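Undergrad: Per this note's numbering, residue 14 is the first one in the sequence shown, and the count goes up by one each step.
These aren't lab readings, by the way, just hints derived from the structure by calculation. In this text the structure is predicted, and so the values were computed from the model without any measurement. Where a beta carbon is used, it is the ideal one built from N, C-alpha and C, also for glycine. Careful, some of the hints might be misleading.
Said to hold, decoys possible - Simulated pairs of lysine-lysine, DSBU-like, Cα-Cα distance not exceeding 30 Å:
1) Lys17 / Lys52
2) Lys17 / Lys73
3) Lys52 / Lys35
4) Lys52 / Lys73
5) Lys17 / Lys35
6) Lys73 / Lys54
7) Lys54 / Lys35
Stated by the list, open to error - Computed beta-carbon distance windows for the label pairs:
8) Leu67 / Phe43: 36 to 44 Å
9) Ile23 / Asp68: 20 to 28 Å
10) Gly55 / Lys17: 22 to 30 Å
11) Gln57 / Gln20: 17 to 25 Å
12) Gln20 / Lys73: 42 to 50 Å
13) Ser76 / Lys54: 15 to 23 Å
14) Thr66 / Gln20: 21 to 29 Å
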Amino acid sequence: MVLKVAQMGISVLVSRSGVTQKGVELAERFGVMLIARAKGKGFQAINAAGRLTLDAIPPKPPSARSSKEAGV
């Protein structure tokens, strides 16, 4: 998959599964950023130094707090 995206000029590859060592080597060689094990709120960023900016985790909305936290 890394070779395919590199040939197409795509610079980011996102996968729900893991990556192989060969995939990591190819991504570094062709400048492709890998996002692996992307499930739920977590992921692994590979070859992303200086290219990936993470936002802060947003606070829970008031309706998501329990009644005890809300002071009810």
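Undergrad: Identify every previously stated hint that the structure contradicts and give their numbers, smallest first.
TA: Violated: hints 2 and 8.
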